[in-house]
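Got chain A; can you put chain B on it based on the hints?
Going down the list, the sequences are from chains A and B. According to our numbering, the first sequence is numbered sequentially starting from 1. According to our numbering, the second sequence is numbered sequentially starting from 161.
In short, the hints are calculated from the structure, not lab data. Note that this is a predicted model, so its numbers are computed, not measured. There may be inaccurate statements among the hints.
[As the list claims (entries may be wrong)] Output of the computed footprint for chain B on chain A, the stretches with three or more beta carbons under 8 Å from beta carbons of chain B:
(1) 16-23
(2) 75-85
[Claimed, not checked] Straight-line alpha carbon distances no greater than 20 Å define the calculated SDA-like cross-link-like pairs of lysine to any residue that follow:
(3) K204(B) x Q135(A)
(4) K204(B) x P160(A)
(5) K204(B) x R79(A)
(6) K204(B) x E96(A)
(7) K204(B) x G128(A)
(8) K204(B) x F98(A)
(9) K204(B) x F10(A)
[What the hints assert, rightly or not] Examples of chain A residues lying across from chain B (beta carbon under 7 Å, computed):
(10) L12
(11) A99
(12) P124
(13) S126
(14) G129
(15) C131
(16) P160
All C-beta atoms, glycine included, are put in the ideal place defined by N, C-alpha and C.
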Amino acid sequence: MDAELPFWAFWLIFAAVAATALAGLARRYRRRLRPRSDTVEIAASGPVRRGETVDVTITIRDGANTGVRLRVGVLCVERYDVEESTKNSTRRVTREDFAHEEWREVSASEAQQGLSFAVPAEGPYSYGGSCLSFQWQAEALEIARLRPDTVASCTFEVRP
Amino acid sequence: MSPAFDVQLERDSFAPGERVAGTVLVTEGGGSRTLEVTLAFHEKSPDYEEIPFSQTQVLQTGDVQTGQSHAFALDLPEDALPGHRSEHGELYWELDVKSDEMGPDTHARRRIEVVVHAVPEEDIFAGGFDDEG
Numbered sequence: 001m002d003a004e005l006p007f008w009a010f011w012l013i014f015a016a017v018a019a020t021a022l023a024g025l026a027r028r029y030r031r032r033l034r035p036r037s038d039t040v041e042i043a044a045s046g047p048v049r050r051g052e053t054v055d056v057t058i059t060i061r062d063g064a065n066t067g068v069r070l071r072v073g074v075l076c077v078e079r080y081d082v083e084e085s086t087k088n089s090t091r092r093v094t095r096e097d098f099a100h101e102e103w104r105e106v107s108a109s110e111a112q113q114g115l116s117f118a119v120p121a122e123g124p125y126s127y128g129g130s131c132l133s134f135q136w137q138a139e140a141l142e143i144a145r146l147r148p149d150t151v152a153s154c155t156f157e158v159r160p
Numbered sequence: 161m162s163p164a165f166d167v168q169l170e171r172d173s174f175a176p177g178e179r180v181a182g183t184v185l186v187t188e189g190g191g192s193r194t195l196e197v198t199l200a201f202h203e204k205s206p207d208y209e210e211i212p213f214s215q216t217q218v219l220q221t222g223d224v225q226t227g228q229s230h231a232f233a234l235d236l237p238e239d240a241l242p243g244h245r246s247e248h249g250e251l252y253w254e255l256d257v258k259s260d261e262m263g264p265d266t267h268a269r270r271r272i273e274v275v276v277h278a279v280p281e282e283d284i285f286a287g288g289f290d291d292e293g
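So here's chain A without its partners, still in its complex pose (with noise of 0.2 Å):
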């Protein structure tokens, strides 16, 4: 048999870890690269307590607009540094997660709403540190075919 791995084999297992690293690159940049939305305003009450809940109000500037979608969250982004060896060094970077997250799928159809969001009791409060962070914000993402989603945002303090 021969032990030479054939040349297309090397262009597939080639292209599946290309297609993997990019995956993970845009799952990592999506989130900073997405455009600001210019039609959808979010505002949340704040500051709240953990356990309490989270009012948020999302106004549609230009009145209501049947043709997109609409996902309300509540998230908590954490930011955590962490050292990564390149080639020849380490440097310092900050990574992002969600230490919590909690979307609904909205009607598009009224011009301004109101929901409310639990901030869980035993979850984190904001913090900003140096070398870990917690910061709350409410997002509503327009979700529209044919262009890009769009992103509206506001940060609320939660306290311990």
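Quick look at chain B alone, frame taken from chain A:
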């Protein structure tokens, strides 16, 4: 020989502003330049650690003897934050007894819990005023 210590507390849970008082018991005597206890708030990510707040009390200078005990009292700040552990990091309070020695220092560490109790605004005057008849 390196000394050994035991940190003794009446309880492990405190409110912001409370005094954290206890005793450092020397379970094994030895050479020491200074013995001190530090109360600190730690912030920890997978690869880094910061200490945004710390307060230190010196307990003794010179060698320590087995059976000695040293009382300490350190106050938590009024705005002390509670601990929290997440997937990528941790915030916590810790008492660190350090014996400064020639060579590696000896540490005895003990974590404490800070619990924040929310006081509803309408309950502020629930206990009444002191000068009420």
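Hints, one by one, checked against the model:
1. Taking a C-beta to C-beta cut-off of 8 Å, the region 16-23 of chain A contributes 0 residues in contact with chain B, too few for the three needed, and the coverage statement is violated.
2. Note: the region 75-85 of chain A has 5 residues with beta-carbon separation from chain B under 8 Å; the three-residue rule is met and the coverage holds.
3. At most 20 Å may separate the alpha-carbon atoms for a hinted pair to count; K204(B) and Q135(A) meet this at roughly 16 Å.
4. Between K204(B) and P160(A), the direct Cα distance comes to roughly 18 Å. Compliance with the 20 Å bound is thereby established for this hinted pair.
5. The straight-line distance between the Cα atoms of K204(B) and R79(A) is roughly 11 Å, inside the 20 Å bound, and the hint therefore holds.
6. Between K204(B) and E96(A), the direct Cα distance comes to roughly 15 Å. Compliance with the 20 Å bound is thereby established for this hinted pair.
7. This hinted pair checks out: K204(B) and G128(A) have alpha carbons roughly 12 Å apart, not beyond 20 Å.
8. Distance check on the hinted pair: K204(B) and F98(A) sit about 17 Å apart at the alpha-carbon level, within 20 Å; holds.
9. At roughly 43 Å between alpha-carbon atoms, K204(B) and F10(A) are farther apart than 20 Å, so this suggested pair is violated.
10. The beta carbon of L12(A) is not positioned within 7 Å of any beta carbon in chain B (closest approach about 34 Å), and the interface hint is therefore violated.
11. Given the 7 Å rule on beta carbons, the hint for A99(A) holds: about 5 Å separates it from the nearest Cβ of chain B.
12. Using the Cβ-Cβ criterion of 7 Å, the hint placing P124(A) at the interface with chain B is satisfied: the shortest such distance is roughly 5 Å.
13. Annotation: S126(A) was flagged as interfacial toward chain B, and the flag is violated, the nearest CB pair being 10 Å apart, outside 7 Å.
14. A hinted interface residue such as G129(A) counts as satisfied when its beta carbon comes closer than 7 Å to some beta carbon of chain B; here the least separation is about 4 Å, so the hint holds.
15. Taking 7 Å as the C-beta cut-off, the interface hint given for C131(A) holds, the closest approach to chain B being about 4 Å.
16. About 4 Å separates the beta-carbon of P160(A) from the nearest beta-carbon of chain B, less than 7 Å, and the hint is met.
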